[in-house]
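J.: Below are the chains, spelled out letter by letter.
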Amino acid sequence: MDIRELQGYASFFMTVFLVVVLYSYIVYLYRSEKRGEKDYEKYGNIALDDKIDSTPIEHNPKSQSEKKELKNEYVND
Amino acid sequence: MQSHAALEYDYSVAKLFTYTTILFGFVGMLIGTFIAAQLAFPELNYWMGEYGTFSRLRPLHTNVVIYGFTVSGVFATFYYSAQRVLKVSMAESNFLMFVGKLQFVLYVILAAGMVVSLLMGYSSSKEYAEMEWPLDILTVAVWVLWGIVMFGLIGLRREKTLYISLWYFIATFLGVAMLYLFNNMALPTYFFSGGLGNIMHSVSMYSGTNDALVQWWWGHNAVAFVFTVPIIAMIYYFLPKESGQAIYSYKLSLLSFWGLMFVYLWAGSHHLLWSTVPDWMQSMGSIFSVVLILPSWGSAINMLLTMKGEWNQLTENPLIKFMVLASTFYMLSTLEGPIQAIKSVNAIAHFTDWIPGHVHDGVLGWVAFMIMASLFHMAPRMYKREIYSKKLMDAQFWLQITAVVLYFTSMWIAGITQGMMWRAVDEYGNLMYSFIDTVAVLNPYYTIRALAGVLYLTGFLMFAYNMYKTMTASRKIEAEPQFRSPMA
Ligand code: HEM
Numbered sequence: 001m002d003i004r005e006l007q008g009y010a011s012f013f014m015t016v017f018l019v020v021v022l023y024s025y026i027v028y029l030y031r032s033e034k035r036g037e038k039d040y041e042k043y044g045n046i047a048l049d050d051k052i053d054s055t056p057i058e059h060n061p062k063s064q065s066e067k068k069e070l071k072n073e074y075v076n077d
Numbered sequence: 078m079q080s081h082a083a084l085e086y087d088y089s090v091a092k093l094f095t096y097t098t099i100l101f102g103f104v105g106m107l108i109g110t111f112i113a114a115q116l117a118f119p120e121l122n123y124w125m126g127e128y129g130t131f132s133r134l135r136p137l138h139t140n141v142v143i144y145g146f147t148v149s150g151v152f153a154t155f156y157y158s159a160q161r162v163l164k165v166s167m168a169e170s171n172f173l174m175f176v177g178k179l180q181f182v183l184y185v186i187l188a189a190g191m192v193v194s195l196l197m198g199y200s201s202s203k204e205y206a207e208m209e210w211p212l213d214i215l216t217v218a219v220w221v222l223w224g225i226v227m228f229g230l231i232g233l234r235r236e237k238t239l240y241i242s243l244w245y246f247i248a249t250f251l252g253v254a255m256l257y258l259f260n261n262m263a264l265p266t267y268f269f270s271g272g273l274g275n276i277m278h279s280v281s282m283y284s285g286t287n288d289a290l291v292q293w294w295w296g297h298n299a300v301a302f303v304f305t306v307p308i309i310a311m312i313y314y315f316l317p318k319e320s321g322q323a324i325y326s327y328k329l330s331l332l333s334f335w336g337l338m339f340v341y342l343w344a345g346s347h348h349l350l351w352s353t354v355p356d357w358m359q360s361m362g363s364i365f366s367v368v369l370i371l372p373s374w375g376s377a378i379n380m381l382l383t384m385k386g387e388w389n390q391l392t393e394n395p396l397i398k399f400m401v402l403a404s405t406f407y408m409l410s411t412l413e414g415p416i417q418a419i420k421s422v423n424a425i426a427h428f429t430d431w432i433p434g435h436v437h438d439g440v441l442g443w444v445a446f447m448i449m450a451s452l453f454h455m456a457p458r459m460y461k462r463e464i465y466s467k468k469l470m471d472a473q474f475w476l477q478i479t480a481v482v483l484y485f486t487s488m489w490i491a492g493i494t495q496g497m498m499w500r501a502v503d504e505y506g507n508l509m510y511s512f513i514d515t516v517a518v519l520n521p522y523y524t525i526r527a528l529a530g531v532l533y534l535t536g537f538l539m540f541a542y543n544m545y546k547t548m549t550a551s552r553k554i555e556a557e558p559q560f561r562s563p564m565a
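Which chain is which? The protein sequence lines are S and L, in order. Read in order, the letters of the first sequence correspond to residues 1 to 77 in my numbering. Read in order, the letters of the second sequence correspond to residues 78 to 565 in my numbering.
Because the hints were derived from the structure by calculation, they are not lab data. Every residue, glycine too, gets a C-beta built ideally from N, C-alpha and C. One should not assume that every hint holds.
Stated by the list, open to error - Looking from chain S toward chain L, a few residues come up when the C-beta cut is under 7 Å (computed):
| hint | residue |
| --- | --- |
| 1 | 8 |
| 2 | 14 |
| 3 | 17 |
| 4 | 18 |
| 5 | 32 |
| 6 | 34 |
| 7 | 50 |
| 8 | 55 |
| 9 | 56 |
| 10 | 60 |
Said to hold, decoys possible - List time: in silico DSS-like cross-link candidates among lysine-lysine, alpha-carbon distance up to 30 Å:
| hint | chain 1 | residue 1 | chain 2 | residue 2 |
| --- | --- | --- | --- | --- |
| 11 | S | 51 | L | 385 |
| 12 | L | 546 | S | 42 |
| 13 | S | 34 | L | 385 |
| 14 | L | 178 | S | 34 |
| 15 | S | 34 | L | 468 |
| 16 | L | 178 | S | 38 |
| 17 | L | 203 | S | 51 |
| 18 | S | 38 | L | 468 |
| 19 | L | 420 | S | 51 |
| 20 | L | 237 | S | 62 |
| 21 | S | 51 | L | 328 |
| 22 | L | 546 | L | 468 |
| 23 | S | 51 | L | 553 |
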């Protein structure tokens with residue numbers, strides 16, 4: 001087998017592998033939502049409710065500004 | 078939340094890129110219309126010596142519309158929407174603000190360098206990668222700065238989940254970075270020859286068939302990561318926001334994303350069918366191109382279904398009309414492309430006018446429509462004024478639609494006629510036509526295309542005027558509109 005043939009086979013099997021990964025991802029998406037572990041559709045609202053002071057759909061716990069804000073709020077209270 | 082009272086999104090960088098989008102859009106399409114006219118009326122080639130010829134101006138057209146107009150539009154919409162979906166303002170970080178402005182300054186220098194050097198005839202002769210090595214290095218700098226802002230904003234975000242548009246912007250960043258670097262690997266001859274020749278000149282590190290493969294690995298992905306991926310990023314944000322309807326299926330957007338990433342990268346060899354690249358690679362290019370219909374239509378159908386139950390908006394709001402039409406044209410060109418990638422069809426289509434016909438139903442109907450619609454949506458929010466004229470926007474829409482239809486139908490006819498004439502043989506196997514015979518037959522279609530150019534360009538001027546008036550003279554609005562953009 002010369003290198004070109006080898007490349008051909010490598011490409012073929014990589015494709016098959018990636019197809020399996022992609023399909024597993026699709027199954028994972030739908031299954032996790034069916035079981036109630038995840039709700040993907042709510043993320044669509046990120047675009048609709050996007051004022052800077054709107055409540056995030058999911059808070060980023062690592063956000064520095066969030067911490068600052070919470071402190072400020074505390075002071076303001 | 079008192080601490081938020083003073084905090085607002087900062088659109089200064091988005092505004093700067095909005096201006097360059099309009100400027101380069103006009104210049105690029107003016108040149109496009111001019112070269113279209115040159116093909117119909119060849120005398121137009123001789124008005125300015127070497128600087129006015131088709132061969133000099135064609136790469137100028139493609140580079141100005143791609144890297145000037147489209148990429149500016151991508152940056153403008155990124156700087157606008159990324160803040161919003163992450164719920165963090167550029168104003169919160171002096172560093173990111175500085176990097177954003179620096180990116181803009183370097184970008185303008187780069188664009189000027191590109192226009193001047195291409196006009197002077199410096200070119201690496203690789204399509205969509207014509208810029209010579211000093212400008213390539215500057216391109217890398219501009220791109221890296223964009224990445225710093227992108228990941229910097231992501232680092233500061235309040236919204237934990239990255240909205241789907243951002244996935245697409247990130248993919249644009251990574252895809253272009255990887256492919257641009259690989260394709261532009263070149264040796265500046267001056268330095269490697271001990272001071273011989275022109276300092277701008279360089280030689281690709283690849284040769285022959287390998288060079289062609291790397292070139293079209295990049296070339297096709299310029300279509301993917303500049304004309305498709307960031308435009309999908311736009312429509313996923315601006316269509317839901319303008320219509321007030323969340324994406325029809327968020328899950329479908331995720332899986333189309335991975336489908337697109339996975340398939341697009343391997344379709345490039347369809348540019349090299351019937352050439353010297355290994356046969357399996359050509360077949361792979363064909364097959365992947367056909368499979369590409371699935372994720373492309375996945376996104377497009379998702380956009381159309383987003384309007385489910387709200388189709389009345391199509392008649393009431395011209396901005397929705399622009400966006401729905403854009404996704405329809407996206408469907409048309411992602412069906413047409415795979416058809417052209419079938420080997421037997423490609424034998425007729427390759428090198429003919431059908432290819433620019435295909436390119437322009439995508440770029441005029443999808444890319445430019447989406448960019449103009451996005452800027453229209455941004456304007457009332459950035460300038461706190463309503464859009465100057467709904468009537469003008471409507472007129473622009475109809476004018477430009479007519480132009481797009483004239484453009485692609487004339488090129489369909491021209492291209493297929495040309496392909497058939499080139500391969501026609503008489504009963505003894507002799508070619509029936511010489512090249513000039515085809516040119517004579519195609520002339521009327523070239524004239525129609527030039528007319529289409531004039532119409533589209535006029536529409537673009539209407540857009541520019543409407544934007545200018547919106548920025549300066551339109552009625553002020555107090556509160557930011559939540560969904561539908563206000564217009565007079
Ligand atoms: C007024 C509108 C426009 C007109 C009249 C126009 C005209 C043309 C013409 C005459 C060509 C050369 C075709 C050939 O060599 O046979 C061309 C090529 C091209 N144009 Fe445009 N253009 C317009 C707008 C645009 C826009 C907005 C974009 C992208 C955003 C674009 C992207 C391209 C590309 C990528 C090519 C190269 C196609 C290929 O190599 O097959 N054009 N255009």
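J.: Starting from the hint list further up, note which numbers the structure goes against and sort them upward.
T.: Going through the list in order, the structure violates hints 2, 3, 5, 6, 8, 12, 14, 15, 16, 17, 18, 19 and respects the others.
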